[in-house]
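Trainee: Sequence:
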Amino acid sequence: LVSWSTVREARKLGSLGGLDTRPYPLFFVTNLCWTCYGISIGDLWLWLSGGPAAVVWLYFCLNAVSLMSQEEGELQLPNSPTREAEGLLFHPRSLDLPLDLGHLSQFYRKRHIQRTQDGVVAGLSFTMLVSFGCSPWNIPGLQFLDSVITLDMKMAAFSAVCGLLSALCYVLPVTRLWTLIKRRDASSIFVRLVVAQMLALTNWIIYGLLVGDAGMYIPSALGVGVCLARLVIKCAFARNSPEGGGDDVLEEVDMDSVIKRTPASQIGKSSPLSVLEADEDRCSTLGNSSLFGGVAVPSQSPEGLNLPDLTPSLKEQGVYEDYLKWQAGYRKRRRGLLHGASGEPIAATGMSRRAVLPPIPHAVTIGEGIVMDITEHYQD
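In this text, residue positions in the sequence shown follow the working numbering: the first is 5, and each later residue adds one.
Please note: incorrect hints may appear among the correct ones.
To be verified - With a straight-line Cα cutoff of 30 Å, these simulated BS3-like cross-link-like pairs (lysine-lysine) come out:
| no. | residue 1 | residue 2 |
| --- | --- | --- |
| 1 | Lys186 | Lys114 |
| 2 | Lys238 | Lys16 |
| 3 | Lys114 | Lys238 |
| 4 | Lys238 | Lys186 |
| 5 | Lys114 | Lys16 |
Hints listed in this document are in silico derivations from the structure and should not be mistaken for laboratory results.
Full structure from sequences and hints, please.
Mentor: Structure, rendered in structure tokens:
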């Protein structure tokens with residue numbers, strides 16, 4: 005229930021706001037398995053703790069799919085005009101930033117919508133299969149199997165499966181801890197949920213020791229250790245982790261190590277044709293289906309504009325954490341808390357969706373900068 009108020013607020017605002025929903029299907033399946041196990045052994049406390057929790061996590065999964073489906077996941081306008089290109093967005097038609105990160109956010113959003121849906125369906129199927137397999141079999145002609153595989157053996161196997169799922173729930177975050185340490189940014193860690201998990205797991209350790217069920221106290225002990233590690237990382241990088249679970253400004257990929265940036269004072273001096281005649285050996289990888297899990301991400305780069313391969317750099321720096329930051333920025337846009345590149349407030353409705361440059365051959369220049377044509381609007 006710790007996440008209840010956060011998810012309800014996200015529903016009102018129409019955005020997850022940087023809330024990491026990747027483990028939601030696994031939490032749902034784990035609680036559902038413990039509920040079925042509690043029913044099998046007649047444990048009222050397991051049923052009371054697992055049943056309502058499974059319903060709540062299913063509710064969270066449904067809301068996560070709904071919110072990810074409707075949010076744009078694009079970048080906000082920078083607050084400071086001193087940023088690259090005098091406040092230009094990461095847009096495929098900007099002259100100095102070579103990657104369309106907006107399309108990359110769309111890729112992550114679609115992929116995790118599908119993963120959440122598949123996780124819920126697969127989890128339900130798995131739970132029904134395990135529940136039947138670990139129950140008494142009253143199948144004509146196969147009664148002898150009940151004497152070979154006793155009910156105690158089935159319950160022990162059921163407990164082990166539930167314990168394994170619990171271990172996965174609380175140990176899988178370890179795979180992201182090193183990424184958070186390298187980035188020195190723990191904004192994706194939801195402190196209230198981690199603390200609640202640690203307290204609940206401590207109680208399950210005590211209960212598991214009292215009833216002598218190793219399937220309860222062993223994975224719970226591992227989970228407590230992981231929760232402590234996450235809290236330590238959160239405290240260590242507290243200054244880099246704004247309250248609310250996400251920074252409102254995207255942490256930029258280190259483009260300087262990949263391609264030389266064009267100084268803001270030089271933008272507009274280069275001929276558009278010189279940009280279009282760039283080295284043909286450098287090309288964008290967003291449309292390559294061999295990358296990004298076999299899904300081709302369409303590129304909107306102008307025809308003839310060749311972009312460098314940034315895939316290794318993006319994978320190294322953990323792009324999904326940046327996508328969570330985009331969600332946080334999108335939530336603030338809906339709240340109407342953002343300001344444009346010149347410091348003007350942006351309304352929650354009828355605001356500029358993105359700053360779009362005119363086609364490069366027809367770019368209008370005044371002095372040393374490019375005038376952005378902000379014409380696209382949307383209504384909530």
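Trainee: Next step is simple, just say for each hint if it's right about the structure.
Mentor: Here is how each hint holds up against the structure:
The straight-line distance between the Cα atoms of lysine 186 and lysine 114 is roughly 27 Å, inside the 30 Å bound, and the hint therefore holds. Only pairs whose Cα atoms come within 30 Å are accepted, and lysine 238 paired with lysine 16 is accepted, the gap being roughly 27 Å. For the hint pairing lysine 114 with lysine 238, the CA-to-CA distance comes to about 28 Å; that is within 30 Å, so the pair holds. Restraint check for lysine 238 and lysine 186: the C-alpha separation of about 13 Å stays at or below 30 Å, so the hint holds.
The hinted pair formed by lysine 114 and lysine 16 meets the criterion: a straight-line CA distance of about 21 Å does not exceed 30 Å.
When held up to the earlier numbered hints, the structure conflicts with none and fits them all.
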